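Protein chains in written order, with the working numbering: chain A, 1 to 427; chain B, 1001 to 1181; chain C, 2001 to 2312.
No wet-lab data here; the hints were simulated from the structure. Please read these numbers as outputs of a predicted model, since none were measured by experiment. Beta carbons: idealized from backbone N, C-alpha and C, even for Gly. Fair warning: there could be bad hints in the mix.
Think about it this way: if two alpha-carbon atoms lie no more than 30 Å apart in a straight line, the pair counts; the simulated DSSO-like pairs of lysine-lysine are [said to hold, decoys possible]:
1. K151(A) - K2034(C)
2. K395(A) - K2087(C)
3. K311(A) - K2087(C)
Computed Cβ-Cβ distance ranges for the label pairs, DEER-style [claimed, not checked]:
4. V386(A) - E1179(B): 32 to 40 Å
5. T2029(C) - R1078(B): 32 to 40 Å
6. E2288(C) - D1122(B): 21 to 29 Å
7. V369(A) - T2116(C): 23 to 31 Å
8. R2012(C) - G340(A): 46 to 54 Å
9. R2012(C) - Q219(A): 57 to 65 Å
10. S2238(C) - G1094(B): 31 to 39 Å
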Amino acid sequence: MTSLVLRGVRPYGEDPVDIVIADGVIVDLAAPGTGDGEVIHAEDLVALPGFVDLHTHLREPGREDAETVLTGTRAAALGGFTCVHAMANTNPVADTAGVVEQVWRLGQVAGLVDVRPVGAVTLGLEGERLAELGAMAHSAAEVRVFSDDGKCVHDAVLMRRALEYVKAFGGVVAQHAQEPRLTEGAQMNEGELSGRLGLAGWPAVAEEAIIARDVLLAQHVGSRLHVCHVSTAGSVEVIRWAKARGVDVTAEVTPHHLILTEDLVQSYDPIYKVNPPLRSAADVEALRAALADGTIDAIATDHAPHPHEDKDCEWAAAAMGMLGLETAFAVAMSTMVEPGLLSWRDLAQRMSVQPARIGRVSTQGHDLVVGAVANLAVVDPDARVVVEPSGLASKSRNTPYRGMELPGRVVHTIHAGTPTVLDGALA
Amino acid sequence: MDSRAHVVLDDADIGRAIRRIAHEIVERARGSESLILLGIPTRGVALAHRIADAVAAIEGTEVPVGSLDITLYRDDLRMRPARALEPTTIPAGGVDDKVVVLVDDVLFSGRTIRAALDALNDVGRPSAVQLAVLVDRGHRQLPIRPDYVGKNLPTSLTEQVRVEVAEVDGADQVTILGEPQ
Amino acid sequence: MKHLLSAADLSRDEAVLVLDTAAELAAVTDRSVKKLPTLRGRTVVNLFFEDSTRTRISFEVAAKRLSADVINFAAKGSSVSKGESLKDTALTLEAMGADAVVIRHGSSGAPHRLATAGWIGGSVVNAGDGTHEHPTQALLDAFTLRRHLREGSGDLDGLRVAIVGDILHSRVARSNVLLMRTLGAEVTLIAPPTLMPYGVESWPCSVSYDIDTVLPDVDAVMMLRVQAERMHAAYFPSTLEYSRLYGLDVARMSRLPDHAIVMHPGPMNRGMEISADVADSPRAVMVEQVANGVSVRMAVLYLLLGGMKEDI
């Protein structure tokens, strides 16, 4: 195998080097222009460890009209990702070794990113009986993250058992924190605006109360807890408090909760309908601050493709969710890097190192050093791109950023030493 | 005022025209017991009241006066923004079997009067309908002619005729604006 | 104006124009010929996804009095109940050449979607959407108030109106708060705290939990329908307790000033929010509200459709 040279690239935005890659690993960080091998031009570009998404809906099996493993991982690669965690709410639900192995194999066949299936916590996401967590953990898919995402594991006893059970194989329960009774029929953030628009409210307390309960449970049984898509300032406070007490809790925030607010709902355009809902500007500020200070560990996309007809309708009838893989870096750049809240090294922590650690993915999230697995995202920090839905690789078009100009562009993606994206196009 | 505007009727001319129209109406009606004057808003209503006053001065009888808004009957509604309605007030006793004299300020294409006839038709069935106008400027587009005219004013289509009455505009006068063709 | 989606769409002058126009059109109702040729050749579609016979009939009579062709499209028994989307229904209506669509929908914001999603080109009139708004109801309420308390002209400056009942789920309350404010009236919302919308304290009105302290100072009280089923979702303990604390009976009505009127958007729950003898009392103006509804809806249709299509 010939070696690859990323010519003149700036790791973490620092001094330029030639990154030399052979046999899937970084073999040398050479002076610019001295690296030997097939050259990929990367002068003035920034190299980061390949992004790892803890929260992706690939929709296969069951909703191949919205996304497939192939189209979803194409979108991921174009977004600079080298690993995605495929959520369990497929049809059939990923609650057996058979389904998670199927998804894992589809990922292997597509060959663009590592597809790490997430296993359901409960059978059929019904919240009544534990799924065979051990079988999924010991399958070829080596599941480590378990989640009923889309639904909350709201039964306290079931949650406690799940937290305990996954300790046996280093797993983590990723909780979709949503108290179901407080959010029956909920359509948007509960606040002055929901009252005015006549849309049933999704109160912050429905998220915060579950997180508060779960951090206490995790502490009580000595388990690891991960909180999906934190969306409120109150949740941030609870997690900060728990971490200070030494609870083994991690948390993620979505790109859209870092940049969009509930004001967009005034248009009644369901492109802005998502769960948890878009919150207030004060929540957005708190989430950015929490991501900056490490209270929130990771950015996770909650990439949720939906076919056009599920969004081209009235608000209440529309599906919840928005695309995220192809715009995540740009949103992070816009909300965190440009304002100076995160350095490039911090961003690498939030988008690669921490998510890989939370998901126990040993081949991902490596620092850019000799010997590291060559998973890289190479980005142009000076580019500005207007989001055009028809230009997205995802099978769906439900991006909330249509027409928005965002900073930064993923130029090259290298997955385990093989370029998957070159010059912004699939290699 | 527009420098090209010139006054064609002053307040004295208008007063004379109204008195003459009143005489003619009385003469045609041979007594005014079954007469009703319906002004077309806005200035037609003011003129109708003046004609009624003149009739009262001549005959010593009160002629009922009302107003008939024709907005909802116009045939050019789709060519203009929707407009506010003016009041329609039909004198007690209605219009059935009465001689109704429609009163307007300017007779031009005839479309306003066509609309007024339609509107009147929905209000009741007069025994006869007559038309009094202060100014007839020609250019009819419909087979409509006035029964009583204050003044015939031959005009070109590029000119505008402006009628002002004291009740609405603070003074009585008729002016022509714009260039003759 | 091209659409009427929210009472907030109307400026004071526009709202007064609607009321003035309605006042002129109301006179037509008293004639033997109750029809005007104004909207001849225009097509108005009543698109009702919820049963509401009274509102649909009111719009139908209004459109017919203006000589518009009226198509009633009820969701029940139609392709809509077989799963056809709002969009496909809209495209069908557009193909039929609808100049205006009067829509009643259970989902808040559905009229906004219809007006802005690019599915249709005609005007959209919100005839009630979910728990959001019902602007023509607010207009007819304002018209009724103006007739009784402001001699039928101008705005409602200084008028004090209490709205009592299930504010949380009421599109009538939302539209009325907005329109009354625009017209200068002072609104007090009265309900148990469970039936107040979240964030109501930021609305342009007062809020009270005690009907008895408010009634002596109002010019009109508007009672809203309260569904007995709400008690199963713990909004209040029992219908008896609700009507005891918030219902309008004769004793409570006697606290109103002599000139004050009693309103209700209908349909009434006699014995729940309003007692039968109050509903039938001379101070209750419900029948008149229904009649005024036709005039106001005629005015809205005329002002939206009577002019040029391009005029917005």
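A quick look at each hint next to the structure:
1. K151(A) - K2034(C): 58 Å, violated
2. K395(A) - K2087(C): 22 Å, holds
3. K311(A) - K2087(C): At roughly 11 Å apart (the allowed maximum being 30 Å), K2087(C) and K311(A) satisfy the hint.
4. V386(A) - E1179(B): 32 to 40 Å: 53 Å, violated
5. T2029(C) - R1078(B): 32 to 40 Å: 25 Å, violated
6. E2288(C) - D1122(B): 21 to 29 Å: For E2288(C) and D1122(B) the Cβ distance comes to about 24 Å; the hint holds.
7. V369(A) - T2116(C): 23 to 31 Å: Distance hint for V369(A), T2116(C) is violated at roughly 53 Å.
8. R2012(C) - G340(A): 46 to 54 Å: 47 Å, holds
9. R2012(C) - Q219(A): 57 to 65 Å: The hint (57 to 65 Å, Cβ to Cβ) holds, given that R2012(C) and Q219(A) are roughly 59 Å apart.
10. S2238(C) - G1094(B): 31 to 39 Å: Violated: the Cβ-Cβ distance is about 57 Å, outside 31 to 39 Å.
Of the numbered hints listed earlier, those contradicted by the structure are 1, 4, 5, 7 and 10.
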